[in-house]
Amino acid sequence: MSQTYSICLNTQDGKEISFDCTADENLIDAAAKANITLPAVCHEGNCGACHGHCKSGDYKQSSHSSGALSEQDEGHGGILMCCTHPQGDMVVEVTSDLAHITSGPVPEPVCEVLAVDDMGGQVRRLLLKVLPDESGAINTEFEPGQFMELEIPGTDIRRAYSISNAPNWTGELEFMIRLQPHGKFSSWLLNGAKVGDRLNTKGPEGSFLLHQAGLAPRRFVAGGTGIAPMLSMLRQMAEFGETHESHLYFGLTTEEDLFAIDEIEALKASLPNLTAEVCIWKPGDAWRGFVGSPVDAFKRDLQADLGKGLKPDVYLCGPPGLIDAAEAVAEELGLPYSSLFSERFLPG
Amino acid sequence: MFCYQCEQTSRTDGVNGCASAVGNCGKDAQTSDLQDLLIHAVKGIAQYAKRARDLGVGSNDAGKFILYSMFTTLTNVNFNPARFTSMLVEAAEIRATVKKAYEEAAAAQGVAIEHPAGAAAWTIPTETNELLAQAEMASIRAGEAEVGEDIVGLRALILYGAKGVCAYAYHALMLDEQSDEVYANIESTMDFLANDPTDVDALVGQALALGHTNLTVMGLLDAGNTGKFGTPEPSAARISPVAGKAILVSGHDMADLAALLEQTEGTGVNVYTHGEMLPAHSYPELKKYAHLAGNYGGAWQDQQTEFANFPGPILMTSNCIIEPAASYRRRIFTAGPVGWPGLRHIENHDFSTLIQAANAMPGFAADSEEETITVGFGRDAVLGVADVVIDAVKAGAIKHFFLVGGCDGAASGRNYYSDLVDQTPKDSVILTLGCAKYRFNKKDHGDIGGIPRLLDMGQCNDSYSAIQVAVALAEAFECEVNELPLSLFVSWFEQKAAAVLLTLLALNIKGITLGPTLPAFITPPVLNTLVEAFDIKANTTPEADLAAALAA
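First to last, the sequence lines map onto chains Z and P. For the first sequence, counting from 1, position 214 maps to 213 in numbering that gives the first Met the number 0; every step adds exactly one. For the second sequence, counting from 1, position 236 maps to 235 in numbering that gives the first Met the number 0; every step adds exactly one.
Bear in mind the hints are in silico, worked out from the structure with no lab data behind them. All residues carry an ideal CB built from backbone N, CA and C; glycine is no exception. Incorrect hints may have been included.
Said to hold, decoys possible - Computed beta-carbon distance windows for the label pairs: (1) Ser186(Z) - Asp349(P): 41 to 47 Å; (2) Thr230(P) - Ala33(Z): 50 to 56 Å; (3) Asn128(P) - Ala33(Z): 37 to 43 Å; (4) Lys425(P) - Val90(Z): 37 to 43 Å; (5) Lys54(Z) - Asn128(P): 25 to 31 Å; (6) Gly291(Z) - Asn128(P): 26 to 32 Å; (7) Asp349(P) - Gly135(Z): 22 to 28 Å.
Just chain Z, same shape as in the assembly:
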């Protein structure tokens, strides 16, 4: 019997939650035994969903993807809880509020395809509807920023996608999915998916959530379909009439990749304090907007924000390179790590 240690999680809102974990267990599995559901998807160190920061205590980390946890982050105490095995009592900071840490198993609702639309830029909009379970309930509760695992019909292959619509009680879940060459889910979307198809799903999951308690301005830095969870957050902000001063940096490689522009314009119309900027990395001659990555634009404005004494909450979503670059900018300019909230899109 291996040694048991006490794990204390410090939540974003300053609360604590504790559970026991043995040296040969990982933190996610040990928490689940205590009926605490922590954010996690792959359980193999590949997705980064279970990211945390060790404040004190010794631990060992099993092998994991550097895209999910960079060496730089690891050097600052960054951990993937699914790969972390305690060697002593630990205190771990997580980015969830206590009220977002649920108990019990993650729901697995069956959904029906309502629509598959071409949004342009090789992106498909997939609209699902959650079907009633045996009790007649439509399990449709999620927080903006969360994702679902969608199973390709007739297979056991699952891919995780962020939800892009605002929480609702009609059971509708919207996703924005970039078609990947040879991607299995992409192939189903392109060739197999049709209205009325049924999918097994799992979720909602994830702790990439709006930090709702504060008054800080909000900066949303999205790469490609990393815009999806941001749209969910902004759509809820619009519905709730939230007044936080907000700016969206939407990064794409070329103008041919443009999508979701109408959705962003609609949000600007309903959120008076929202401004948005499309950043094209390799534009054509006709492009009159920002040239460069969204992190470049973010860096330009962060300097100005900090100069005015503003400490924005920064939401980052996209490929690991974008997140790492934005985190490096924040560190360089002196924005605390606690102001950053991120979700890494990793190849499924």
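We have chain Z; now place chain P onto it with these hints.
Relative to the frame of chain Z, chain P by itself:
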């Protein structure tokens, strides 16, 4: 932050009050500071509103804003800092409007224009950082070094009482009842506080005047409730659920409940009351709805467990919300003055999303065995059997009346009230109101000649009804209220209770036992003043306090 407005405030190491990053209620320092600043802005509005009203150009729109904004600062009402920054912007606009009206009227009437100092002259910053940097100035303890904690405590008693008055007046307004006199008195109270008063007699006088205002306000609310929903009548309220989709309504706002009942009629969705919404089951125009299915749970402090277990969405209509747990935070909705960051807020009685949520959730799978309690002993019901009661007193069958009511709370010492009620003699009648009754209202306390020993008079504001009953009994027995065989045990938690206490004192009701602990803002010298003037007592033990009450 510094806050000591409620009963659960921190009392550690001899220091009274919550002064850390988060108060005991869950309010963070930023929100607490913004609430203080909003109160400061309200004082500034009141300074001009009073002067405008004195010249005959009063604005009830400003008064309505004062009611709403003061209500948002009560304990367990609004935790959303963004709502407070928005209200501060609005406050600046309203103050400018009232100031203009005052100055134009003064000029037109040839009256010298005053330029009140303090809050009236405060330039309200629009930048949040600048706003928060000024929080110290608006703190309840501002000036304590100069005037001492007794004066600050008396100012706090008035401010917290005024918050309670505003909350009741807001409930009345939601039922279309308002009065110029009430707006004038509230403006006058806040103008008084804006002048940083230091005279003890003036402070006590203002507190008692506020108590009288609260009696008027509770009368307005009573008129609103009975006018819209009929006279409460003794009724069985089901406390076990029935099969079907379900919505739970908590808080105090009967207007919200009425609108929801109307919108859910015929949809197959049942509506349940929670906490202080229980008296709804006694109003004819509310209980007529068959889908007002019952009462669920107990007092406010148990909501995290009860809401988690409820198989439908929850509507929180006023105080007392506490931090929503993960299991139900996506299905709790707020209305009126209530707010919590990240919860959906419903405006203008549009409950369509709430009803959608009820249909998406499982509801209750089956009927539970029927259990009921009896509610609805308002003043009409009690006075309707006044002759029987008076005869019973004269015959010696009823020897004593107890009023045991007010707020409930999580503190373990609140078992005092259930122990007290358990030990009351069988020849006594217990009147109760507020949510404190959940500690004893599901027990059978028997009856005296057909009159139930436990009479539930309604919400905390139905202390208005209790006062009417006491006055009527005093008239019947040709004595003063203080000479009746009546003992009052008032359980307080927040500022509505502070307003009710001021009303009882304003009516010169003596010998009230107040608990479970005394307010932290009442300093020993102020307490001595209250003891000398009103024989107010702090809880000791149920046995000793009961013995003292029966011996009096």
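key: Hint check, failures only   = Violated hint: only 4; rest satisfied.
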